[in-house]
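Visitor: Each chain is listed here by its residues.
There are 2 protein chains.
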Amino acid sequence: MMRRDFLLGSATAGVAAVSATQRISAQEQTAGMPRLTPPEKPAELNLCLQWGAIPGTEMKEKLDFLEANGFAAVELPSGPWLFDNVEAMKKAMAGRRLFIATACGPSDFSYVEAEKRDAEVAKFLPQLEVLGALKSVGLILCPARSKPGLPFPELRDDFVNNTGKKLAEHAAKQGTSIVLEPLQRAETKFLRQVADGAAMARDIGPGCTVMGDFWHMSKEETSFMGAFLSAGKLLSHVHIASLKNRKVPGVDGPADNYVDGFKGLKLLGYRGAVSLEGGFPKEMDKTQLILNMVKLLREQWAMA
Amino acid sequence: MMRRDFLLGSATAGVAAVSATQRISAQEQTAGMPRLTPPEKPAELNLCLQWGAIPGTEMKEKLDFLEANGFAAVELPSGPWLFDNVEAMKKAMAGRRLFIATACGPSDFSYVEAEKRDAEVAKFLPQLEVLGALKSVGLILCPARSKPGLPFPELRDDFVNNTGKKLAEHAAKQGTSIVLEPLQRAETKFLRQVADGAAMARDIGPGCTVMGDFWHMSKEETSFMGAFLSAGKLLSHVHIASLKNRKVPGVDGPADNYVDGFKGLKLLGYRGAVSLEGGFPKEMDKTQLILNMVKLLREQWAMA
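Protein chains in written order, with the numbering used here: chain A, 334 to 637; chain B, 334 to 637.
Be a bit skeptical, because a hint or two may be false.
No copy labels: a pair is met if it fits in one copy or bridges any two.
[Said to hold, decoys possible] Simulated crosslink set (DMTMM-like; lysine to aspartate or glutamate; CA at most 20 Å straight-line):
{"hint": "1", "residue 1": "Lys-480", "residue 2": "Asp-490"}
{"hint": "2", "residue 1": "Lys-468", "residue 2": "Asp-417"}
{"hint": "3", "residue 1": "Lys-480", "residue 2": "Asp-491"}
{"hint": "4", "residue 1": "Lys-499", "residue 2": "Glu-446"}
{"hint": "5", "residue 1": "Lys-566", "residue 2": "Asp-593"}
{"hint": "6", "residue 1": "Lys-552", "residue 2": "Asp-536"}
{"hint": "7", "residue 1": "Lys-449", "residue 2": "Glu-632"}
Just so you know, these hints were derived from the structure itself, not from any lab.
Treat the numbers as computed from the prediction; the structure is a model and nothing was measured.
Just need the whole structure built from these sequences, with the hints factored in.
Guide: As structure tokens, this is what we get:
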């Protein structure tokens with residue numbers, strides 16, 4: 334039985350306790366609303382930090398901080414760091430209540446020269462193997478940075494059928510994924526919206542997912558909720574930052590409102606990470622800013 | 334008081350009538366769902382036909398058919414037809430329970446030559462004056478057809494700041510709008526998704542809105558509901574067709590499922606038109622197909 338049906342049934346069972354006026358008012362309100370199916374499992378707010386943002390210097394110290402302060406996941410740097418740290422990370426993660434969300438770093442698959450695009454693919458293939466071994470959600474990529482060489486229709490076709498496809502197929506074999514990240518127009522004009530990334534992920538097939546970054550979304554999307562619903566089950570990661578200056582959430586005051594986006598995540602039953610990608614104001618205590626962020630995001634999650 | 338709060342209150346009032354097990358089950362279900370604010374006014378299913386699809390030959394006959402068969406709106410051809418028929422249409426519409434939704438026809442603002450783009454703008458300016466006089470929602474346009482001349486970033490900038498901006502400003506003065514229509518990739522590679530059209534409409538400003546066409550959306554979107562939510566208050570028109578062969582809804586059987594999209598329209602409180610843009614199987618009775626469509630869409634609207 335759907336939730337709304339159940340509640341309407343309960344409302345009927347409770348008629349004796351409410352006046353006729355209240356009932357009519359409720360009927361008028363609910364008449365306009367759709368029947369929405371709850372997700373199979375409720376969404377979870379799994380907070381996450383990028384490696385460089387975690388207080389501490391040693392690996393154990395950083396992971397201890399996350400566990401002690403209500404985080405559920407960690408985001409790693411992509412590139413050489415992964416190869417240097419895979420074995421130590423496996424050991425350090427053993428027995429913890431943390432998962433490895435994603436690895437993040439720059440990429441560009443828009444070169445006119447096919448051999449340069451192939452070289453970019455070759456660079457990331459072994460990183461996907463490391464991420465698979467770490468049971469990571471995936472490797473964050475944007476197909477093109479600020480000045481792509483290929484025209485957009487050709488670039489999309491090449492990414493969907495060639496470069497992105499090869500990476501996604503390899504990722505799927507390793508039990509991980511490539512995670513397409515839409516960026517704001519100052520960083521790329523190619524993949525700017527979550528719905529577009531979701532359609533590319535669908536077109537590419539297994540091993541390809543999409544993410545939403547609140548900072549980029551605040552510039553490029555008209556609706557946080559709409560964007561997340563378009564990602565649907567393909568949504569594997571979320572970045573978050575303050576919405577005026579791309580710092581830790583909370584420092585930009587009332588602008589840092591994520592409630593509409595969190596409603597979308599709840600409708601989806603999203604259980605991936607929500608990971609800070611933003612800076613810290615230099616004059617303030619970093620740990621305190623992080624704890625403030627945790628409190629703020631939990632409050633807004635409860636409101637959503 | 335929000336609807337969900339009210340219903341939860343009613344459910345509590347009705348505890349005597351439901352078992353503890355049922356209550357826990359309902360709490361678990363609702364715990365994961367977001368609090369959604371009902372629209373100020375509930376959405377309406379305002380069914381609409383394009384001029385050429387309405388049975389009959391005379392203007393009065395066509396408008397009588399619409400009123401007699403549960404339609405709320407009419408969609409006109411753009412171009413010379415508008416100028417030839419504006420005065421007769423004003424008279425024929427007087428006192429009817431119908432509104433003039435949109436006018437629809439081909440357009441292309443992607444020419445490399447600025448003077449060709451200017452000529453396209455000049456062609457549509459007087460049509461916007463006619464549509465304003467008819468109290469129409471707007472003029473449907475897609476910035477580029479299948480083979481655009483300008484590269485996409487330049488085309489977007491030129492449409493937002495020049496061609497589309499000029500048309501939108503003129504439309505706003507006439508009390509109407511330009512309505513951006515995303516098309517599937519076989520028809521354009523430029524504007525394919527509702528979220529992109531919504532962002533362009535937002536960037537252009539007053540006088541620009543966006544529409545969703547279920548047929549194109551079925552190819553390009555990953556979520557009907559997500560796409561409509563991204564359009565939000567900028568959504569001014571909807572096209573509908575059967576989802577396998579682009580005919581009248583109903584002829585493609587179970588594929589013709591619009592419930593998820595209708596849920597999105599209900600969440601928005603959408604009160605624009607839902608207009609058939611699709612063909613009719615030749616061997617079948619056109620009027621009967623239209624009546625079947627009305628029944629089907631009303632049933633699915635009630636289910637949404």
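Visitor: Would you mind marking each hint as holding or not holding in the structure?
Guide: These are the hints, each one checked on the structure:
no. : hint                 : result
1   : Lys-480 with Asp-490 : both (18 Å within a copy, 15 Å between copies)
2   : Lys-468 with Asp-417 : within (17 Å within a copy, 67 Å between copies)
3   : Lys-480 with Asp-491 : both (16 Å within a copy, 18 Å between copies)
4   : Lys-499 with Glu-446 : within (17 Å within a copy, 39 Å between copies)
5   : Lys-566 with Asp-593 : both (18 Å within a copy, 15 Å between copies)
6   : Lys-552 with Asp-536 : between (25 Å within a copy, 11 Å between copies)
7   : Lys-449 with Glu-632 : neither (47 Å within a copy, 54 Å between copies)
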